[in-house]
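Spelled out, the chains give:
There are 2 protein chains.
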Amino acid sequence: MKIDTLIVHADLFTMQGKGVGYIDNGAVAIDAGKIVAVGPTDQLQKEYTAEERIDATNKMVLPGFVDAHLHSYWGILRGVAQDTSMWMHKGVGPFRRYLTDENRLAGSKMNILEGLAAGTTTFCDYSTPILDIAQFYKQLGARARLTCFIKEVPDVLDTLQEDDLYPFEPAIGEKTLHENLELVDRWHGYDDNRITATLGPQGPDFLSVDLMKKVKNIANEKQLKIHMHVAQAARETKQMVGRYNKRSIAFLDEIGYLDDSLIAVHLTDATKEEVELLVEREASMVVCSGAIGIIRGEVPPACSFLEAGGNVGLGSDQSTGNNCNQMINEMKLTALFNKIKYKNPEVLPAWKVLRMATVEGAKAVGLGDEIGSLEVGKKADIVFVDLTAKTMQPVIKSPMRNHVPNLVYSARGHEVCRVLVNGQTLYENGKYLTVNEEDIVDQCQRFATETTEKVTKEHFRITNAYEFMKQGQL
Amino acid sequence: MKIDTLIVHADLFTMQGKGVGYIDNGAVAIDAGKIVAVGPTDQLQKEYTAEERIDATNKMVLPGFVDAHLHSYWGILRGVAQDTSMWMHKGVGPFRRYLTDENRLAGSKMNILEGLAAGTTTFCDYSTPILDIAQFYKQLGARARLTCFIKEVPDVLDTLQEDDLYPFEPAIGEKTLHENLELVDRWHGYDDNRITATLGPQGPDFLSVDLMKKVKNIANEKQLKIHMHVAQAARETKQMVGRYNKRSIAFLDEIGYLDDSLIAVHLTDATKEEVELLVEREASMVVCSGAIGIIRGEVPPACSFLEAGGNVGLGSDQSTGNNCNQMINEMKLTALFNKIKYKNPEVLPAWKVLRMATVEGAKAVGLGDEIGSLEVGKKADIVFVDLTAKTMQPVIKSPMRNHVPNLVYSARGHEVCRVLVNGQTLYENGKYLTVNEEDIVDQCQRFATETTEKVTKEHFRITNAYEFMKQGQL
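Protein sequences appear in the order of chains A and B. According to this note's numbering, the first sequence holds residues 1399 to 1872 in order. According to this note's numbering, the second sequence holds residues 1399 to 1872 in order.
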């Protein structure tokens, strides 16, 4: 049979079944962007004649990673809000009001390139200006599941006291809902579902109950997922109890949000019982270990969610906090933070977090039928890892394989040497094939300088980090 | 004045003073392997004429990192002992007896290359076969502070029950002490102190009190540091209490070990009072966050040690456990694990862990007068970081600098683009200038395969990891 592409001689990790689905000297046959066969090289070589044959000798080949939650635009201010408490208020707060759509877009592009080069093929990007960012994903060729903020709170968090309830401005709510609906109309289902959209109420504390209900009705009517921050911190719980005398999840239950359309991000402040309720209602979870660890010193209840039988994906969140937009970092931190949380080295072994970054993450964001494993009928989103990189060396196959522990614990990202989405190579050996990397880096640098120069007069609001600099520590 | 090398136009972080010692558009003048001036480029360009001029535009330039504790030879078995409890017994235990000097050396070479490429210039390498490894450091040109295991326990840990006291064999003690003394005689002070030696009693539980005392007498007589695992786990405490009815630090106090010659590694199971006693006696600490986090799910008391006023260095430990032999990883994990331990994002900010990886780490291992900062009279061990790498972008200088947070939290290692030791470039843009990388990787791969094939009959001893593989999870 004639096909587009045949990958041969791979150390193949299909992620099929309950483990990593290893096939020694494996092959993947791809036609029209989809996987048409997976199996031993000998067998597939007999059955298929390919336009392009990719020799994957000394390569680990696996499904592309799913970044289940990121705010790519924060790339524009990487590293300005570290080591500070009240991160949203005092860390990024002073900078937020100076961001423009133009410089946010520049930050997004850079972060997306960073993720792609480290093997992310699906970006669940929750960003502004989302319509422009969608154009970039169109050009880049990566898979995107896009969301924008529906909220009624103006950019004033840095001026509030810790106990103040956030002000709501309904006009902001209308405007942001409109933008999200425009995103859905223009992009949901684009390019045979390569780009899809979800609805993004920012969190139960960021919009009024009326708008929350309106969003849920639209989600039901249009069969859309709701991608939302839930119980993200004690800060949110304080807002919810102050406003409604209810914790986030009880509130969401009451207004009908707890069902399989909910992708609940963070859950840092959720109790075990709340987590179990979410799983019972078939909501899914995204854990952003790096971000929550650095911003709050906390480890969200991903293990409880998994134990209760739920699906958990991994998200890199934002680079003005977490700093890294890539899933190899998230896999490692998720495994290590939970080992520490439970003082148990057996918690979340490498193969489990690899499943969270691939097949289970895909299910968690509602794309389980299309991506997440290398299996017949799924889209050919595929990552190659160079096993001759020193961080992946030596490669051991007996008495057990070390590929997966080394990918999760030792690899740093640069070992990824080829990335395919829909069977098309987007990145190979350090080069991006569909966009101009240099322009993107230059633009990001220029806009960041412009933005932060404007912030100069706000020094008094920037806490730790600015103090550190004045004392010669940054 | 004529000199060998002038580095100009750097974003220079000298690590002088109490912070990071930033100099905008900075320069470093180097002659005969030492730093002869540090200051603004304009000024140094007037004062010096150099044989070699290195333009560091768009580069962050800082002192080389000190890996204060590593067992490089475990590189030969990277990734075989993950996600398992009783790591020493059940994780590496079954493999340990099959290691030969030849394959340990191959593992060491690969791990050392990995560290150098990510900016480690000083390797406090606690390894076997140390005399051969010293030859490799001689050839490579890196700075090395070498130690080998003085111990009386044979390689039988994997056959013991958890409560069994380790057997001591005095003949092993004599042999290993002899090797350490040979190391001192042949290498201590080599090449104007580029290679030095310390004494390495493995830990208070691994040799008899008589041999411990003998080692301490030699240390006093020859003015050598003692590089030792101390209170490394509850396992050690159990041995000490079982044998002597004393905890490790009380025991060490009694036999005169607690003074400024002691470099105490781990201290995982040390109490706050024990930590304070060590600081009072001017011992120093090395924390191996990655290794202890992954092997035990614990966070050693580095913050307590720092608070009590002690010096703490960072160590990468071994790659059959921690997996990564590089300090950018260690800086990040040390900061994040301690934020989580104390549920406080302000704990161990980026600049503090950068000091631990450079100037304070140098002091902790007794090399504070020679390395650790860029300052006149110190050795020219210098690292260049490419600021155009996406992980370091954008570069922000106002209202505060983001170089240090991005180096610690975002960089992955591949941003290091040049490494100098004693003013000599050893690594530049992915190439090693003094050794053949390809041979080293090939050799390591070959020996790893040979070794693990021999271990095949020991499957029954390998716990989690082998179970995982049988179930298709690895």
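No wet-lab data here; the hints were simulated from the structure. Hints may be right or wrong, so weigh each one.
The list treats identical chains as interchangeable, and a pair is accepted whether it falls inside one copy or across any two copies.
As the list claims (entries may be wrong) - List time: in silico DSSO-like cross-link candidates among lysine-lysine, alpha-carbon distance up to 27 Å:
hint, residue 1, residue 2
1, 1636, 1739
2, 1444, 1795
3, 1488, 1416
4, 1852, 1829
5, 1636, 1741
6, 1636, 1536
7, 1614, 1855
8, 1614, 1795
9, 1741, 1400
10, 1741, 1868
11, 1670, 1741
12, 1400, 1855
13, 1416, 1868
Against the structure, the hints:
no. : hint        : verdict
1   : 1636 - 1739 : both (24 Å within a copy, 23 Å between copies)
2   : 1444 - 1795 : within (26 Å within a copy, 59 Å between copies)
3   : 1488 - 1416 : between (44 Å within a copy, 25 Å between copies)
4   : 1852 - 1829 : neither (34 Å within a copy, 41 Å between copies)
5   : 1636 - 1741 : between (29 Å within a copy, 18 Å between copies)
6   : 1636 - 1536 : neither (40 Å within a copy, 61 Å between copies)
7   : 1614 - 1855 : neither (41 Å within a copy, 59 Å between copies)
8   : 1614 - 1795 : neither (50 Å within a copy, 44 Å between copies)
9   : 1741 - 1400 : neither (53 Å within a copy, 58 Å between copies)
10  : 1741 - 1868 : between (38 Å within a copy, 26 Å between copies)
11  : 1670 - 1741 : both (18 Å within a copy, 19 Å between copies)
12  : 1400 - 1855 : neither (64 Å within a copy, 45 Å between copies)
13  : 1416 - 1868 : between (53 Å within a copy, 12 Å between copies)
Taken one by one, the earlier hints fail for this structure at numbers 4, 6, 7, 8, 9 and 12, listed in ascending order.
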